[in-house]
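Chemist: Residue strings, one per chain:
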Amino acid sequence: MHTFIDSDLLSRLGSLPIESRVPMMGNVAGKHRSPHRGSSVEFAEYRKYVPGDDTRRLDWKAFARSDRFYIKEFEADTNLRAYFVIDASGSMNFHSPGQVSKIEYARRIAASLAYLLVNQGDAAGLSICTDKLHLEVPPSRRAAHLERFFSTIEKVEPSGETGLIEALHVIAEKISQRAFVVILSDFFTDTDKLSEALQHLRYRKHDISLFHLMDTQEIGFQFDRPHRFVDLEDGTALVVEPNLIADEYQVALKEFMKNVRDKAHDASADYQLVTTDTPLEPLLREFLTARLPKAKH
Amino acid sequence: MTFLTPLLLWFLAAASVPVIIHLLNKRRHKTVQWAAMQFLLKATRESRGKKKLRHILILTCRALGIAALAFAAARPVVSGLLGWGAGSIDTVVLVLDRSTSMELRSGDGQAAKRDLVLQKVRDAMAHLGNPRLVLIDSASGKAQEIPSPDVLPDISSTAATDSAADFPALMNAAAEYLSSATGRSEIWLASDLQQSNWLPGDERWAAVRASISALPQKPSIRVLSLTGDSAPNVSMKLLGTRRSPGGLTLDLELVRSEEARGTLSLPLTVNTNGASTTESVSLPGQSLRFQRQIKIKDEAESGHGWLGLPADGNPRDNSVYFAYGPARPIKSLVVADPGEAADYLLLAAAPPGFEKQAAERVSPAAFATFPTSEISMILWAAPMPAGGNEKVIESFLSSGGQVVFLPSSGESTDGFLGMKWGAVTTADSGKFFILGDWNKSDGPLRDGIDGSPIPAERLRGIKRAVAEGDAAVLARWEDGEAFLSRKIIDRGTLWFLGSIPDYTWSNLGDADVLLPVTQRILSLGADRFDSSYLSEVGAEAAQTAPGEVRSRADDFSEESSAETAGVFRLGDRLVAVNRPAAEDDLAIATKDSLDAMLDGTGYRLLDQAGSASDPSLSTDMWRAFLLAVLFFLISEAILCLPKKSKDEPLPKRTFPTTG
Chain L
2 MHTFIDSDLL
12 SRLGSLPIES
22 RVPMMGNVAG
32 KHRSPHRGSS
42 VEFAEYRKYV
52 PGDDTRRLDW
62 KAFARSDRFY
72 IKEFEADTNL
82 RAYFVIDASG
92 SMNFHSPGQV
102 SKIEYARRIA
112 ASLAYLLVNQ
122 GDAAGLSICT
132 DKLHLEVPPS
142 RRAAHLERFF
152 STIEKVEPSG
162 ETGLIEALHV
172 IAEKISQRAF
182 VVILSDFFTD
192 TDKLSEALQH
202 LRYRKHDISL
212 FHLMDTQEIG
222 FQFDRPHRFV
232 DLEDGTALVV
242 EPNLIADEYQ
252 VALKEFMKNV
262 RDKAHDASAD
272 YQLVTTDTPL
282 EPLLREFLTA
292 RLPKAKH
Chain D
135 MTFLTPLLLW
145 FLAAASVPVI
155 IHLLNKRRHK
165 TVQWAAMQFL
175 LKATRESRGK
185 KKLRHILILT
195 CRALGIAALA
205 FAAARPVVSG
215 LLGWGAGSID
225 TVVLVLDRST
235 SMELRSGDGQ
245 AAKRDLVLQK
255 VRDAMAHLGN
265 PRLVLIDSAS
275 GKAQEIPSPD
285 VLPDISSTAA
295 TDSAADFPAL
305 MNAAAEYLSS
315 ATGRSEIWLA
325 SDLQQSNWLP
335 GDERWAAVRA
345 SISALPQKPS
355 IRVLSLTGDS
365 APNVSMKLLG
375 TRRSPGGLTL
385 DLELVRSEEA
395 RGTLSLPLTV
405 NTNGASTTES
415 VSLPGQSLRF
425 QRQIKIKDEA
435 ESGHGWLGLP
445 ADGNPRDNSV
455 YFAYGPARPI
465 KSLVVADPGE
475 AADYLLLAAA
485 PPGFEKQAAE
495 RVSPAAFATF
505 PTSEISMILW
515 AAPMPAGGNE
525 KVIESFLSSG
535 GQVVFLPSSG
545 ESTDGFLGMK
555 WGAVTTADSG
565 KFFILGDWNK
575 SDGPLRDGID
585 GSPIPAERLR
595 GIKRAVAEGD
605 AAVLARWEDG
615 EAFLSRKIID
625 RGTLWFLGSI
635 PDYTWSNLGD
645 ADVLLPVTQR
655 ILSLGADRFD
665 SSYLSEVGAE
675 AAQTAPGEVR
685 SRADDFSEES
695 SAETAGVFRL
705 GDRLVAVNRP
715 AAEDDLAIAT
725 KDSLDAMLDG
735 TGYRLLDQAG
745 SASDPSLSTD
755 MWRAFLLAVL
765 FFLISEAILC
775 LPKKSKDEPL
785 PKRTFPTTG
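Residue numbers (my numbering), protein chains in the order written: chain L, 2 to 298; chain D, 135 to 793.
What the hints contain is simulated information worked out from the structure, not anything from laboratory work. Quick reminder that beta carbons are idealized off the backbone N, C-alpha and C, glycines included. One or more of the hints may lead you astray.
Unchecked claim - Covered by chain D, according to a simulated footprint, are these stretches of chain L (three or more residues, beta-carbon under 8 Å):
id, region
1, 226-234
2, 246-255
Claimed, not checked - Pair ranges (Cβ atoms, derived):
id, chain 1, residue 1, chain 2, residue 2, range
3, L, 239, D, 188, 17 to 23 Å
4, D, 183, L, 237, 21 to 27 Å
5, L, 8, D, 165, 35 to 41 Å
6, L, 237, D, 155, 26 to 32 Å
7, D, 158, L, 237, 22 to 28 Å
8, L, 148, D, 155, 53 to 59 Å
The task is simple: from the sequences and hints, build the whole structure.
Modeler: Here you go:
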């Protein structure tokens, strides 16, 4: 059993479906809406008949009332394909004493959501990026696929600078059909370039969710004496008196986080700021609940 | 500024502790792996300037706080004489007030102001590293170099005296001394600021200021004022003596220094020619004037004595001394033509029952040949003297005689010593000239020694003449014109009475005015024979003439210096020398008058309440330094306060509304 899997948690969350915010284009029938009209049971709309339409779908009752031909359209349901993009740059390895690292927290989120997705018949895939797109596990809805998913993220060792932006562009180009893209990262990168990558994904009509992972020490910046800070990504070092720069640090950090949130909002993406001391269950429960269609909750 | 525990100043080194801790902290950094490096770099770039300044200020506050604490612990004192920033001084000229009032003990009654100031000066000199000390004492007025401040209390030049002080002269002596001195110098004026010693209106101050500003190196002037609370004191003053064949009359005055509360009963010791008696005298208020009769059986006898009060706040103003010679008749001369006025004047000068008084009339023409050596007073009711008469009267005045001029019936335009009679004027029909105002505390119309007034308002004038010239007016008619004027000439006095005792002029002959005026002026005239037995410390009569030897005649004290009060034999003379009357006037020179006297000298007034419990001229400064510690600590705390965050809390999550 993998340490990042909490079976009790998953069993408690099992009753909550993972819904897509946009119609999906799956390869098999499923529980998610499809952009294609079909003959499913769920009525979608009427439209005027045009030559070439299947006459079997004509609504004769409507013709009798209005003397006009209408085609009755139903929504097609399909399955959801989820891609988990995990930032495995060096900065994701950071953790304050007594807390889990950001990469570990990302593992827990990704593994839990992947499990829930496969469990409800959807497909889950994985993309690990360090300075480039490092590793990919294509989405699959088979239960046996989950083990490969789990073992892959378990082996991830964060290092080097982040290649998240490039990876997102590659993913946007690579995934031909609409999908659910879950990005887990601290987003320590250029927010403008991040915005472009998110817009690229949005252009491809993907359902995007961002989990912005931060450590409490990164946000609080509480140090009582001078420290030598060594960059986890490129190894550069800086000796500073934290008391002297705390205010400026906080300002810069908050501005950055606000930027990330705004960029996510611009790309109609879900945004979750997560500190690594947050309990997983309420986080995921809130995430899943928020994605439920309004009529259903 | 000096320190009472200078060893604790080593703790000043602790001021460097915050800086050292800061530097050590910088070296003792911990290494931490960090992810959000981009914000660190940005923050480091932006935190320079204000933040660094703030940090430096915090460090400075901490260092100064510790330094101030070290200073406070070292008990800093600021010497009032030295002041802040006193550098090296080469010469200190100490002008010491040795007047009688400086013997007044401080409020706690332990030390006289003079002793106190000597102690303070000695301490201050030690703080200054003992520069050259030059003493100019008020008794001698001469500059003398003092080998060491430690001997100040022991030398005769700083001892107590019964003399007055003349500060314009003393300052002049200081300026004169400094004109030949080199280097940085200071003049320290140690005095109780008694107005009669400082003489604020004296014209010599202008010369003093000019002398000081003309010095090659302008000295700093520090006035050490000893005007604090003083012990309760009663002073006794001899206002005058009058020898009569039956004895000697002493006019005395007692003055209480403190607020009068009830009647004070004092034992008064009277010593006459070595025989002492003690009696009680009650002082009902602030002051008391009274007479004391000394019986002298032998009219040819000469003698002396003293009166003394018990020791109090100032032991040197408790005694007065007197001396007397053989009794002599009091003679007056009326210079007038025969008539009603001459008769009344003769009667007023030698009234019935006053056997020892005698009066004689001479006509103006015979006056020049009349001997005046035995005369106390001349009543001149004739045209102003001229020719030989003029010279005789001038001589009479210079020897202390009193001359009363009254208008003559005939018009006279002659003048005498700058004075002359104006035209005789007559009151309107049915009306009289009435006295409107007269001096009730000075002059022959003053109230009696028991406070009873002279009934001068009863005087009715039909005719009058007004004396014209530069004289002090002591009584005026209702319309403001002068009735009684006084002009002092040498030792004598000229008096001008604006009417005559003649029924065609006034009712002056009724004796309500004429008798007391005549008798009081006569008394002054008689003093010229008694005054040779009385003098004041510092007066010419109290000095030995060439060939004379000074020896103390009374048994009150052994002191026999020229600055001491007592009865002395100066050669063949017997003189009772009292302290100057002005010394009993305790009025203090105001700050404004000091500013005027020492204008342009940049003097500094150090008002040191004379107190033996505070013997130094210093102010303890540790409280100020503790306040500084508090200030620095509060400043440091304020600087360390975290800034209020203006940013709104970060949104934890946002979800698009699409779906």
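Chemist: All hints are to be evaluated individually against the structure, with a verdict given for each.
Modeler: Evaluated hints:
| no. | hint | result |
| --- | --- | --- |
| 1 | 226-234 | holds (count 9) |
| 2 | 246-255 | holds (count 10) |
| 3 | L:239 / D:188: 17 to 23 Å | holds, 21 Å |
| 4 | D:183 / L:237: 21 to 27 Å | holds, 24 Å |
| 5 | L:8 / D:165: 35 to 41 Å | holds, 39 Å |
| 6 | L:237 / D:155: 26 to 32 Å | holds, 28 Å |
| 7 | D:158 / L:237: 22 to 28 Å | holds, 25 Å |
| 8 | L:148 / D:155: 53 to 59 Å | holds, 57 Å |
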